[in-house]
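*Asks:* Protein chains in written order, with this note's numbering: chain A, 1 to 205; chain B, 1 to 109.
Hints were generated in silico from the structure; no laboratory data involved. Be a bit skeptical, because a hint or two may be false.
What the hints assert, rightly or not - Calculated Cβ distances over 12 Å to all of chain B for the following chain A residues:
| # | residue |
| --- | --- |
| 1 | Glu45 |
| 2 | Glu46 |
| 3 | Ile126 |
| 4 | Ala139 |
| 5 | Cys144 |
| 6 | Ser158 |
| 7 | Leu159 |
| 8 | Ala169 |
| 9 | Thr170 |
| 10 | Val174 |
| 11 | Leu183 |
| 12 | Leu188 |
Said to hold, decoys possible - Chain B side only, calculated, beta carbon under 8 Å to chain A, not exhaustive:
| # | residue |
| --- | --- |
| 13 | Trp27 |
| 14 | Ser44 |
| 15 | Gln45 |
| 16 | Tyr49 |
| 17 | Arg54 |
| 18 | Gly59 |
| 19 | Arg75 |
Even glycine gets a Cβ: it sits at the ideal position worked out from N, Cα and C.
What follows is each chain in one-letter form.
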Amino acid sequence: MIARLLASLRGLLRRRRIEGEIVEELRDHLEREIEARQSQGFPPEEARRLALRDLGGLDQTLESTRAVRSTWLDSVWQHPRRDRRQPLDPDPPASHRTSPARRQRRRAGRRCRHRHSRRSRPTGQILRLFLRRGVIVLAVGIGCGAVAAVTASRSLASLVFGIDVTDPATLGTVAAFLTVITLLACCLPARSASRIAPSKALRSE
Amino acid sequence: MNKTQLLQGTLDLLILRILDLGPDHGWGISNRLQQMSKDGLKTSQGSLYPALHRLELRGELTSEMKASENNRRARVYTITRGGRKRLNKETEAWEAFALSMRRILRVGQ
Chain A
1 MIARLLASLR
11 GLLRRRRIEG
21 EIVEELRDHL
31 EREIEARQSQ
41 GFPPEEARRL
51 ALRDLGGLDQ
61 TLESTRAVRS
71 TWLDSVWQHP
81 RRDRRQPLDP
91 DPPASHRTSP
101 ARRQRRRAGR
111 RCRHRHSRRS
121 RPTGQILRLF
131 LRRGVIVLAV
141 GIGCGAVAAV
151 TASRSLASLV
161 FGIDVTDPAT
171 LGTVAAFLTV
181 ITLLACCLPA
191 RSASRIAPSK
201 ALRSE
Chain B
1 MNKTQLLQGT
11 LDLLILRILD
21 LGPDHGWGIS
31 NRLQQMSKDG
41 LKTSQGSLYP
51 ALHRLELRGE
61 LTSEMKASEN
71 NRRARVYTIT
81 RGGRKRLNKE
91 TEAWEAFALS
101 MRRILRVGQ
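Bound conformation, chain A alone:
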């Protein structure tokens, strides 16, 4: 139990470094696999193709490994443009290389999809969307609550002993407590929602 706790803590503290090391680890695996295939007599292009196939897709493997390591902290702080990480395959075969013009068209397409569709929103964006809406409701709620509390203070005065009905510390504590509850109520469902594959969400509709 203690060992597990320590391992989780270590993982949490080292997660930024490990993130980069996962890429290095998978790259190393791919290179070893290519070499093994080449030593079996496969030509380089074919060896690379088979190695990539066996790994089950580099990006998918990378994402599922990252998912194991990710915590709710990562979901909150995740940068929306995380796709700009270093490429996994340092030397893709000629058939996989794309011209600069084609890459630009792809990037433009991605930007366009992000702007107009919610289907491919990364976790950070979904969280921010939920939080923004929650914070608006929270601000209105706390504002109305504070006004109502002060307005009702005269009629409540006979029920309260030893404390001022407009005590700033009490009002502040209640507001802080409600803020925490609201943020949790926004973050937890948003986190679950962001983990659902878009294809699954669409199918269930």
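Given chain A, put chain B in place with the hints provided.
*Replies:* Just chain B now, with coordinates in the frame of chain A:
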């Protein structure tokens, strides 16, 4: 012999068993698994790495980036005491299960 897909839930046990023989990196584990099963078992390498990281987070493995041959850096995994404990426990459970399965499948033969 045809390669058989691993039964769900057995990958952790196999990883722990292989690392019980000595520290190794991901590719080495995958290779050893194939060699030890005489090409009988095939694990998806895509599920190997998430499993290794999950086991590390559970405290059953530790890992370290080390320089390997050809000046490359590889993550080398080592089994912990907790991992060995789980290995022993699950090996016993697996053997009991396999024995029961064999008994049932051979009834009437």
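*Asks:* Does threonine 170(A) sit more than 12 Å from chain B, CB to CB?
*Replies:* Label holds. Min Cβ-Cβ 42 Å, cutoff 12 Å.
*Asks:* Return the status of the interface hint for glutamine 45(B): holds when the least beta-carbon distance to chain A is below 8 Å, violated otherwise.
*Replies:* This interface hint holds because 5 Å falls under the 8 Å limit.
*Asks:* Grab the minimum C-beta distance from tryptophan 27(B) to chain A and call the hint holds if it beats 8 Å, violated otherwise.
*Replies:* holds (4 Å)
*Asks:* Check the non-interface label on valine 174(A): least C-beta distance to chain B beyond 12 Å or not.
*Replies:* The claim holds: valine 174(A) sits with its nearest Cβ about 38 Å from chain B, beyond 12 Å.
*Asks:* Is the Cβ of cysteine 144(A) more than 12 Å away from each Cβ in chain B?
*Replies:* holds (44 Å)
*Asks:* Have a go at the arginine 54(B) hint: is there a Cβ in chain A nearer than 8 Å to its own Cβ?
*Replies:* holds (5 Å)
*Asks:* Please verify that the nearest CB of chain B lies beyond 12 Å from glutamate 46(A)'s CB.
*Replies:* Consistent with the label, glutamate 46(A) stays out of reach of chain B, its closest Cβ about 18 Å off (over 12 Å).
*Asks:* Taking the closest Cβ pair, is tyrosine 49(B) under 8 Å from chain A?
*Replies:* holds (5 Å)
*Asks:* With d taken as the least Cβ-Cβ distance between leucine 159(A) and chain B, does d exceed 12 Å?
*Replies:* For leucine 159(A), whose nearest Cβ neighbour in chain B is about 52 Å away, the distance exceeds 12 Å, so it holds.
*Asks:* Could you check that no beta carbon of chain B comes within 12 Å of the beta carbon of isoleucine 126(A)?
*Replies:* With a cut-off of 12 Å, isoleucine 126(A) remains clear of chain B, as the shortest Cβ separation is near 22 Å.
*Asks:* Just checking, glutamate 45(A) versus chain B, shortest CB gap more than 12 Å?
*Replies:* Label holds. Min Cβ-Cβ 20 Å, cutoff 12 Å.
*Asks:* Quick one: work out the minimum CB distance from leucine 183(A) to chain B and report holds if it exceeds 12 Å, violated otherwise.
*Replies:* The claim holds: leucine 183(A) sits with its nearest Cβ about 26 Å from chain B, beyond 12 Å.
Consistency with the previously given hints is maintained throughout, with no hint failing.
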